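Asker: The lines below spell out each chain.
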Amino acid sequence: MAYKRQFYPGTSVPAANRRRYLDPKQNLKKLRDVAMDDVVRIMGHRNPGEDYKSIHPPIEEGKEPVCPIREIVVPIEGAKKGDRVRYIQFTDSVYFAPISPYQRAWMYLSRFRGLDTGTLSGRQIIEMRERDLEKLSKFLIDSETFDPALTGIRGATVHGHACRLDENGLMFDAWQRYVWDAKKKEVVYVKDQVALPLDRRISVGKPAPMADLLKRTTIFSAYTGGVDMREDKEVTEYGIRIHKLRTLAGYQPFNVKGV
Amino acid sequence: MTSARMMKTTYAGTPLPEVKIFTDRFLSAETTEKVLNALIEVKHIRQINICGETLPLTVKSGPHTGIPVNHPERKMIKFGNTEIELTKLVGEFFIELNADCDVDAAVEEIRKACDKTVNIGYSLEIGRYSKYRPTLTDTLRC
Numbered sequence: 001m002a003y004k005r006q007f008y009p010g011t012s013v014p015a016a017n018r019r020r021y022l023d024p025k026q027n028l029k030k031l032r033d034v035a036m037d038d039v040v041r042i043m044g045h046r047n048p049g050e051d052y053k054s055i056h057p058p059i060e061e062g063k064e065p066v067c068p069i070r071e072i073v074v075p076i077e078g079a080k081k082g083d084r085v086r087y088i089q090f091t092d093s094v095y096f097a098p099i100s101p102y103q104r105a106w107m108y109l110s111r112f113r114g115l116d117t118g119t120l121s122g123r124q125i126i127e128m129r130e131r132d133l134e135k136l137s138k139f140l141i142d143s144e145t146f147d148p149a150l151t152g153i154r155g156a157t158v159h160g161h162a163c164r165l166d167e168n169g170l171m172f173d174a175w176q177r178y179v180w181d182a183k184k185k186e187v188v189y190v191k192d193q194v195a196l197p198l199d200r201r202i203s204v205g206k207p208a209p210m211a212d213l214l215k216r217t218t219i220f221s222a223y224t225g226g227v228d229m230r231e232d233k234e235v236t237e238y239g240i241r242i243h244k245l246r247t248l249a250g251y252q253p254f255n256v257k258g259v
Numbered sequence: 001m002t003s004a005r006m007m008k009t010t011y012a013g014t015p016l017p018e019v020k021i022f023t024d025r026f027l028s029a030e031t032t033e034k035v036l037n038a039l040i041e042v043k044h045i046r047q048i049n050i051c052g053e054t055l056p057l058t059v060k061s062g063p064h065t066g067i068p069v070n071h072p073e074r075k076m077i078k079f080g081n082t083e084i085e086l087t088k089l090v091g092e093f094f095i096e097l098n099a100d101c102d103v104d105a106a107v108e109e110i111r112k113a114c115d116k117t118v119n120i121g122y123s124l125e126i127g128r129y130s131k132y133r134p135t136l137t138d139t140l141r142c
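So the sequence lines, in the order shown, correspond to chains U and S.
Numbering of the first sequence is given in this note's numbering, commencing with residue 1 and proceeding in unit increments.
Numbering of the second sequence is given in this note's numbering, commencing with residue 1 and proceeding in unit increments.
Heads up, a few of these hints could be off.
Unchecked claim - List of simulated lysine to any residue pairs, SDA-like, C-alpha gap at most 20 Å:
id	chain 1	residue 1	chain 2	residue 2
1	U	Lys185	S	Pro72
2	S	Lys88	U	Trp180
3	U	Lys183	S	Ser28
4	U	Lys215	U	Val190
5	S	Lys116	U	Val190
6	S	Lys88	U	Lys4
7	S	Lys88	U	Lys184
8	S	Lys131	S	Phe22
9	S	Lys88	U	Gly169
10	S	Lys34	S	Lys75
11	S	Lys88	U	Lys81
12	U	Lys185	S	Glu30
13	S	Lys60	U	Gln176
14	U	Lys4	U	Leu22
15	S	Lys75	U	Val190
16	U	Lys135	U	Lys215
17	S	Lys34	U	Glu167
18	U	Lys81	U	Lys4
To be verified - Restraint-style ranges between C-beta atoms, simulated for each label pair:
id	chain 1	residue 1	chain 2	residue 2	range
19	U	Arg241	S	Thr10	35 to 43 Å
20	U	Leu120	S	Gly13	37 to 45 Å
21	U	Arg201	S	Val103	47 to 55 Å
As the list claims (entries may be wrong) - A few chain U residues that don't get close to chain S, going by computed Cβ distances all over 12 Å:
id	residue
22	Tyr8
23	Ala16
24	Glu61
25	Ala211
Since the hints were derived computationally from the structure, they do not count as laboratory data.
Nothing here was measured: the structure is a model prediction, and the numbers come from that model.
We put the beta carbon where it would ideally sit given N, CA and C, even for glycine.
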């Protein structure tokens, strides 16, 4: 019997959202359209229109050693051209951001090729060849996994994911990379991800209402309005099972019988 | 006399009653100013300490270390007749009451001041949340 890929257990809303974000066959909804040049400005690695810097000649020009793996793996566009590896980093608020760092890692590795990602408590970095990274960043910023108020694009000093929100509902940012536009009721980036002021204000749209976020989030939380992980029996059992197998058998869970 | 922590903390030496205001969200500088000035009117307050997230003056890490942050909420606010520089996005107020006051009456007045100025919700508790006499850290700081 062919193996059918499974994504995440559970019957609750966050569990269903985790499954949906992880499954590459499910399309993520596009909620906004931030111009590619503006995404490039926020990332701050190059100016819009500037050539990509390269760290090696295009693969076609070079003489690659004979290697069966090189023949199997099709290089991504940036690797073909020899682009630098650059990064983008997202911070997700615990107050029901659409996705959280750990699920970001699962989602990236499940859906995209040619990236390296690292998980920390409140942030998730993606490292990738520059031109591919820009496309991926735009895709993520435009998609339902991004909320202007609760997701931050922060290269450093990311502190704020577990802080209370401010009066306008924005996640705390000590470097104030984005501000609330009270007239338009939108979030506007005024600095790039490493706090260099931008020469123009970049709107990333209106924050989603909390009722909408509660339907979209992957975050289990006992905080008002959220779903406590203990309420989802299957998710709880799954967590306990992994914990038990790891405790009893370390990295050899297959050696534990009858659990 | 009422004072804010950013001026200088003074210790009573004995554990006086303390009221803790914990706001549901961080307050803007404007709202913080309103709350503090409403609390000035309350009698029997010995000292107010404010807590929150620090707003740095300059970028402390990354490729642009040293450039100014210019955070819009880090600014001068009026506290009674004096101007103080607010360096935090405030989320907590610790209000120390005088020894000889009617605690219930003072708390009621504090609650009224908060109801008037904090629109985003808060919780209020009475107890002792901070130290009341100097410790080794205070010696090291000076």
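Asker: Does each hint fit the structure? Answer for all of them.
Answerer: Verification of the hints:
no., hint, in the structure
1, Lys185/U to Pro72/S, "17 Å, holds"
2, Lys88/S to Trp180/U, "18 Å, holds"
3, Lys183/U to Ser28/S, "17 Å, holds"
4, Lys215/U to Val190/U, "30 Å, violated"
5, Lys116/S to Val190/U, "33 Å, violated"
6, Lys88/S to Lys4/U, "52 Å, violated"
7, Lys88/S to Lys184/U, "26 Å, violated"
8, Lys131/S to Phe22/S, "18 Å, holds"
9, Lys88/S to Gly169/U, "17 Å, holds"
10, Lys34/S to Lys75/S, "14 Å, holds"
11, Lys88/S to Lys81/U, "47 Å, violated"
12, Lys185/U to Glu30/S, "19 Å, holds"
13, Lys60/S to Gln176/U, "13 Å, holds"
14, Lys4/U to Leu22/U, "14 Å, holds"
15, Lys75/S to Val190/U, "19 Å, holds"
16, Lys135/U to Lys215/U, "27 Å, violated"
17, Lys34/S to Glu167/U, "14 Å, holds"
18, Lys81/U to Lys4/U, "36 Å, violated"
19, Arg241/U to Thr10/S: 35 to 43 Å, "56 Å, violated"
20, Leu120/U to Gly13/S: 37 to 45 Å, "43 Å, holds"
21, Arg201/U to Val103/S: 47 to 55 Å, "49 Å, holds"
22, Tyr8, "31 Å, holds"
23, Ala16, "29 Å, holds"
24, Glu61, "31 Å, holds"
25, Ala211, "18 Å, holds"
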